[in-house]
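Letter by letter, the chains look like this.
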Amino acid sequence: MKFGIVVFPGSNCDEDAFHAARDVFGQEAQYLWHKDTDLKDSDVVILPGGFAHGDYLRTGAMARFSPIMGAVRAFADRGGPVLGICNGFQILLEAGLLPGAMLRNRGLKYRCEHVHLRVEQVDTPFTAAAGVGQVLRIPIGHGEGNYFAPPDLMRQLDANRQVIFRYTDPDGQVDDAWNPNGSVGAIAGLCSETRNVVGMMPHPERACEALLGGLDGRVIFTSLMVAGLRFPDGFVQQPA
Amino acid sequence: MRARVFVTLKPSVFDPQGKTIADALQSLGYGTVEDVRQGKYFELDLATKEADEARALAAEVADKVLANPVIESYRVEVE
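If you read the sequences in order, they're chains A and B. Under this note's numbering, the first residue of the first sequence carries the number 1, and numbering increases by one thereafter. Under this note's numbering, the first residue of the second sequence carries the number 1, and numbering increases by one thereafter.
The following block holds chain A by itself, in its conformation from the complex (with noise of 0.2 Å):
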C-alpha cells in the first residue's frame, strides 16, 4: 500500500506520519508537495498535521487553496481513502471535504497531552479493525480544535453515523470534564457521508510504537489493511 503524505509549507507532522506508514507498518510512502497536482499512484492520502501556510486568517483557511487540494478531492470523489490528522482535519473541513468547522478551544489553551477516544463506527478505511465502544489512548497537541456543528448538521451527522470518535473517560463514558477542547458532542473525529474521508484531531501515528508512549494509533493503520482486504483491487473505484 503507496501511502501519499502532503506537506504543506508549515506542516510538522510529516514525518512523523511518514514513519509510520513506512517504518513501523512496512508500507510504500513519499511525500506529496502542495504545488503538485498529482497525487502520484498513492493508495491512501494523509494530510498531516502542522500549520498550513501559517494558520494566520483561520486553520485551514489557505490549504485548501493549494493546487494538490484539487487532485485530493478528485482521489475522495472516487472514493480513495483520505485521512486528516489534527491541522489536516482543520483543513478537510475548510475545503468542505467534511462539514462543520473549528474554534478556538473552549479554554483557549494550546492541549497538548494524552486523551481517551471511543470509537463510534467501525465501517470506515481507518476504523475497520476497531471494535465499537472500543477506547483508544492517543495524544492530541492543538489550540483549535473545538469542533462545531450547527444543530441541523449534528442531526445530519448523526442521522448519518458519521461521528466516529468521542472524548471520553478512561472507561468510555462521554464526561465532560475529559472534552479537552469544548467541541460539541464531544466529537474527535468524523467521516464523510461516503465513509472514505476522515477528519480527527489526535494524532494516532504518535501513538504506533511503545517508547512514544502507546500503541492505541496503530488500529487506524492495520484498519486501512483491514479495509484493504474488503477492497482488494484497491480502494479508488475506476471511471465508470
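Calculated directly from the structure, the hints in this document are not laboratory data. Incorrect hints may have been included.
[Stated by the list, open to error] Straight-line distance between alpha carbons at most 20 Å, and here's what the computed EDC-like set of lysine to aspartate or glutamate pairs gives:
| id | chain 1 | residue 1 | chain 2 | residue 2 |
| --- | --- | --- | --- | --- |
| 1 | B | Lys19 | A | Glu144 |
| 2 | B | Lys49 | B | Glu34 |
| 3 | B | Lys10 | A | Asp77 |
[To be verified] What follows is a set of in silico ranges between Cβ atoms, one per label pair, in the way DEER data are often shown:
| id | chain 1 | residue 1 | chain 2 | residue 2 | range |
| --- | --- | --- | --- | --- | --- |
| 4 | B | Ser27 | A | Val174 | 30 to 36 Å |
| 5 | B | Arg75 | A | Asp175 | 23 to 29 Å |
| 6 | A | Asp36 | B | Gln26 | 30 to 36 Å |
| 7 | B | Asp52 | A | His114 | 52 to 58 Å |
| 8 | A | Arg155 | B | Arg75 | 27 to 33 Å |
| 9 | B | Asp35 | A | Gln156 | 25 to 31 Å |
| 10 | A | Glu28 | B | Thr48 | 48 to 54 Å |
| 11 | B | Leu46 | A | Asp169 | 36 to 42 Å |
Idealized CB from N, CA, C, for every residue including glycine.
Use these hints to put chain B onto chain A, whose structure you have.
For chain B alone, coordinates are given in the frame of chain A:
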C-alpha cells in the same frame, strides 16, 4: 477605494475569546460590560473608483476567504 470587512462569529456560536475578555473586564471593575464578542477587521485597498464594484469584490473575497460561513458572518463598508 477602500473597503472595510468586519467578520464576526454568528450569534449562535460560542466565542471563547470574547467570553474571556468579558470576564477580564468585569474583574477589572467594568461590571456594566455584560458580554463581549470578538471579531476580525480587514481594510482592503482596491484599485477601482466604482463603489458597487468595490463592494462586490470585497463581498466575494469575504465569502471565499476572509469568513467561514459555517461559523462567521461579515459586513462590508466602502468609501
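Going down the list of hints, with the structure as the test:
Between B:Lys19 and A:Glu144 the CA atoms are separated by roughly 16 Å; this keeps the pair inside 20 Å, and the hint holds. Our distance criterion of 20 Å between C-alpha atoms is broken by B:Lys49 and B:Glu34, whose separation comes to about 41 Å. Using a Cα cut-off of 20 Å, the hinted pair B:Lys10 and A:Asp77 is violated, with the two alpha carbons roughly 31 Å apart. About 32 Å separates the C-beta atoms of B:Ser27 and A:Val174, a value consistent with the hinted range of 30 to 36 Å.
Between B:Arg75 and A:Asp175 the CB atoms are about 39 Å apart, so this pair departs from the stated range of 23 to 29 Å. Roughly 51 Å separates the CB atoms of A:Asp36 and B:Gln26, a value that falls outside the hinted 30 to 36 Å. In this structure, B:Asp52 and A:His114 meet the distance hint of 52 to 58 Å, their C-beta atoms being roughly 55 Å apart. Range check, A:Arg155 to B:Arg75: about 29 Å between beta-carbon atoms, so the 27 to 33 Å window is met.
The beta-carbon spacing between B:Asp35 and A:Gln156, approximately 30 Å, falls within the hinted interval of 25 to 31 Å. For A:Glu28 and B:Thr48, the hinted distance range of 48 to 54 Å is satisfied, since their beta carbons lie about 51 Å from each other. Take B:Leu46 and A:Asp169: their Cβ atoms lie about 53 Å apart, and the range 36 to 42 Å is violated.
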